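Trainee: Here the structure of chain A is known, so what remains is to put chain B in place on it, guided by the hints.
2 protein chains.
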Amino acid sequence: MADAERKLTDGRTRIEFETDPSRYRHWKLKIDGDIATLLMDVDEKGALFEGYELKLNSYDLGVDIELADAIERIRFEHPQVRVILLRSGKPRVFCAGANIRMLAGSTHAHKVNFCKFTNETRNGLEDASAASDLKTICVINGTAAGGGYELALAADHIMLVDDGSSAVSLPELPLLAVLPGTGGLTRVTDKRKVRRDLADVFCTTEEGVKGKRAVDWRLVDEVVPGSRLDATVTQRAKEFAARARRPADAKGIKLEPLERTRTATGADYSTLSVAIADRLATLTLRGPEAPPPASAAAMVEQGAQFWPLRLARELDNAILDLRVNELDTAAVIFKSSGDPEQVIAYDRFLDSHRDHWLAREIRALWKRVLKRVDLTSRTLVALIEPGSCFAGTLAELVFATDRSYMLTPSLPSPASGGGLGRGEGDNKPPAGLALADVNFGAYPMSNGLSRLASRFLADPSDLDRAKAEQGKMLDAEAAAALGLVTFALDDIDWDDEVRVFLEERASFSPDGLTGLEANLRFGGPETMESKIFARLTAWQNWIFQRPNAVGEEGALRRYGSGQKPVYDTKRV
Amino acid sequence: MADAERKLTDGRTRIEFETDPSRYRHWKLKIDGDIATLLMDVDEKGALFEGYELKLNSYDLGVDIELADAIERIRFEHPQVRVILLRSGKPRVFCAGANIRMLAGSTHAHKVNFCKFTNETRNGLEDASAASDLKTICVINGTAAGGGYELALAADHIMLVDDGSSAVSLPELPLLAVLPGTGGLTRVTDKRKVRRDLADVFCTTEEGVKGKRAVDWRLVDEVVPGSRLDATVTQRAKEFAARARRPADAKGIKLEPLERTRTATGADYSTLSVAIADRLATLTLRGPEAPPPASAAAMVEQGAQFWPLRLARELDNAILDLRVNELDTAAVIFKSSGDPEQVIAYDRFLDSHRDHWLAREIRALWKRVLKRVDLTSRTLVALIEPGSCFAGTLAELVFATDRSYMLTPSLPSPASGGGLGRGEGDNKPPAGLALADVNFGAYPMSNGLSRLASRFLADPSDLDRAKAEQGKMLDAEAAAALGLVTFALDDIDWDDEVRVFLEERASFSPDGLTGLEANLRFGGPETMESKIFARLTAWQNWIFQRPNAVGEEGALRRYGSGQKPVYDTKRV
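Chains as they are written, first to last, in the working numbering: chain A, 1 to 572; chain B, 1 to 572.
Isolated chain A, as found in the complex:
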């Protein structure tokens, strides 16, 4: 059945998100001066789960994990690269899209998680273009179908060979009764701006569109005769590289393997710990142990050990791990420990080097990781306790949560007991929250607003009031008065209030919470990116529950069986 758990082909029980080029099975990354070539050459036998083969450059989550890794490595390890050429290593096919047997056999949760990560990876390509001026040219020599064309849509420039057969298509609806849900429909209307009726024709035409019509309909940027393909690709790459404002002589840093130890209750990373119990995952982030380096060169020297980068990578890995491997987790609780002044010092360091390529990449990575947090379908909670360091960049996690609880300072009392990380006789500094410049625009959410602007939609003067307190260490009452935290509680109420809340949360319908949080987290405007996760994804998730797609006689299950799907003809 579709909702039964399936076996990973490598015998592991958990999906791992960490990889490196030496382990790639599906992609070849070649760097040649300022041009990187990402060659998609999927290993048919390299599927993540048992039960399907990745024919015709079709992909599963495993293929996309490698792509996401490759894009990160180009940004950090090869800063001189200005253009990514996205090509196929197979003859006559660019990419056949998400593997259909994988989709047909996946649990609902896996389908949803797979699409979410794939969407984030596509957005990552666009972020490389927007934030780092690293441009992607997609070269389609053969067919780009479904998710294959959706991958192309994330590029800055799409080239299609004009050979009478190479075509782009979104055949999901006619073939599988599902949507081009990895950004496809939204990028067709909002990025390529294809006229809506032509988009309708395109998305209902199995064989897709080729040649000049593909340009006329804005589906690709140019068609190129096969005989001139290589020359034109080289020329186009040079043109894009010439326009890019990327550092010419920068030396990259090595994204070393993460330091992670799995424990009985979760995992320990170098900068954070994950502890899972009672359907709750507590993530404790640790502040820096040393002041920032003295110079940008020293930052480059630290490389992947540089605290903000280390924490961003480890947090990203921890969140992804929770998403796909800890489905039963109801809530993620963020705690922190360390010196908030040091966190702010690192933020100031990055501010002062904002034009340095590595500082820019680290800020852009934090932006993506925080967006990943926003889009995580777990209740997000921050507990701000004595000894924590929710300041600047780390304060963003507080603003990303659905609720935050902050402890008011109180006189030490032998009767106050322990609980939630506060031991008796604790001499940690009282819980504080501090804002910095980064909280006012450096990390926009997918709706285009900073988390504080999203928080203070009602009255922009609340944002000004918060800005005026920048740099100060705010206690619970001050933070609550500014609207920065949900509840300021004293020692007496803390344990009970927090416990009751978490128990109650875990008692609610997990689906209901996903829908609730997906609405309440994104007030205000929508962007193409937020539309992909809201309008498109929510409809796709609905369809992923409908018998016409996933039922025994539905199109996803019957694809390739020789039997036609049987549809309930009622329109809903």
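Just so you know, the hints here were simulated from the structure itself, not pulled from any lab data. Watch out, some of these pointers could steer you wrong.
One copy or any two copies: either way a pair holds, since identical chains are not told apart in the list.
[Stated by the list, open to error] Result set (DSSO-like, lysine-lysine): computed pairs, CA atoms no more than 30 Å apart in a straight line:
| no. | residue 1 | residue 2 |
| --- | --- | --- |
| 1 | 191 | 367 |
| 2 | 7 | 570 |
| 3 | 7 | 55 |
| 4 | 467 | 193 |
| 5 | 7 | 45 |
| 6 | 212 | 191 |
| 7 | 191 | 28 |
Model, not experiment: these values are computed from the prediction.
Mentor: Here is chain B on its own, set in the frame of chain A:
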């Protein structure tokens, strides 16, 4: 089972959308000068379906059909009204929201249709405020729970009695594992602009919020002691009335019963016909039979017989009828017959009287009806043939469709055959399309753009080119060259192309088409209104398929049974 069809209590087989105050069972409409009071006093025994009672002012589609009718009548029959007071006729309860047993027992399709219509009615209240300066004050004396508070959220001003028990709440998630999906979550964040973490607390607190906290959290506009309630309501109504720019001495028109005859294949109205066959509904709209009246006074004299008003009301009824009573219909095909010059003449007449209250109401009604078309989950097609009158307002229907086909002029030929309304020796004028001022802003879609602006997102100069052709009768080739229609076909291809398209469309997954069209129709920006139908509704529809809500052990089914729901604890 939830997906079995259920019986209407009155023994009919179709849900009827037409009603009038003499038939209301749930609302009392009282007009007193410039104040209308809409008293919700739901008849427990007046449920639309068998199997539940409408206790505590809970509602079903039947209750909302009356509310929608009442709002329309206030706008057309009582133009002097400036303020609607929305109140409860029951003690200690304002409204308990959508009836839970009704939801638990409804088919998925009915739940979706019910929510869509309810959303449109709530939007109708806001449209009355924005387009006609007709303000709604909601007076909550008792509890406003779930859909009850969602109704209040549509008002311009919410008053809550401060009696220690009256409260507003959105308990859907904790009680029922579904969302406050009738605009609730979106209006809380985007209209009331409640801070997101407070919104989280509010939406997970069964008993809701009362008193001063309800004001502090922006959930209501004021709290009033019970002893001062009537005096304060009267005062507030006077203040709102004094600010409203509504006509003081206008005489309303009577919204007479629609002229409709059910036929073997559909229905005949005075201005349109519906013919259903092979899962296709053909709506043929008829142009005016006489020129516009000579003056605004003559328009008022014609009242509900005035052609643009008659057609708008009949089209609205036909679309609603198709939505809920003809679920098996795959596509709605719009055709028209009449003199396009006359259609334009009516548009010019309404333009020239744009400051007259009735002209304004008719334009606003067309705007709402066209939005209803946009939100109809059927493939929408326009066939523009000889003798049609797709001009001005009627051309909007062409731009609302997913695809349009237009016949190129050809020499009459005995061999050309019949088909699709073109008889041999036909001497109808060739197919023409004409634009007017109304096509460039009078009828915004829910995304805030005109249909042409939504169509020409890629290049605004396309909009200018179209504007330059305003008033001309465009043949198929000219219309296609301007991008106004999808296909211009000649006599030889027409029958086959159209037939193949419609057959193909009917062969696709109905759910897949709903998702596809919900994405392709709404390119570009989102507004609060479009977010309600996209982000919120799509998530709610997903949840309406999830076992945690609708399964045998789910919260909707178990509510009131004394048994707790059993949840699959996996977060998706």
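Trainee: Indicate, hint by hint, whether the structure satisfies it.
Mentor: To see whether the hints hold, each was checked on the structure:
1. 191 - 367: This pair counts as both: shortest intra-copy Cα distance 21 Å, inter-copy 27 Å.
2. 7 - 570: Cα proximity of residue 7 and residue 570: across copies only (18 Å, versus 36 Å in one copy).
3. 7 - 55: For residue 7 and residue 55, only the intra-copy Cα distance (19 Å) is at most 30 Å; the inter-copy one is 50 Å.
4. 467 - 193: Cα proximity of residue 467 and residue 193: across copies only (20 Å, versus 38 Å in one copy).
5. 7 - 45: Cα proximity of residue 7 and residue 45: one copy only (15 Å, versus 54 Å across).
6. 212 - 191: Within one copy, since 19 Å is at most 30 Å while 46 Å is not.
7. 191 - 28: So residue 191 and residue 28 pass the 30 Å test inside one copy only (28 Å; across, 50 Å).
In summary, this structure violates none of the numbered hints.
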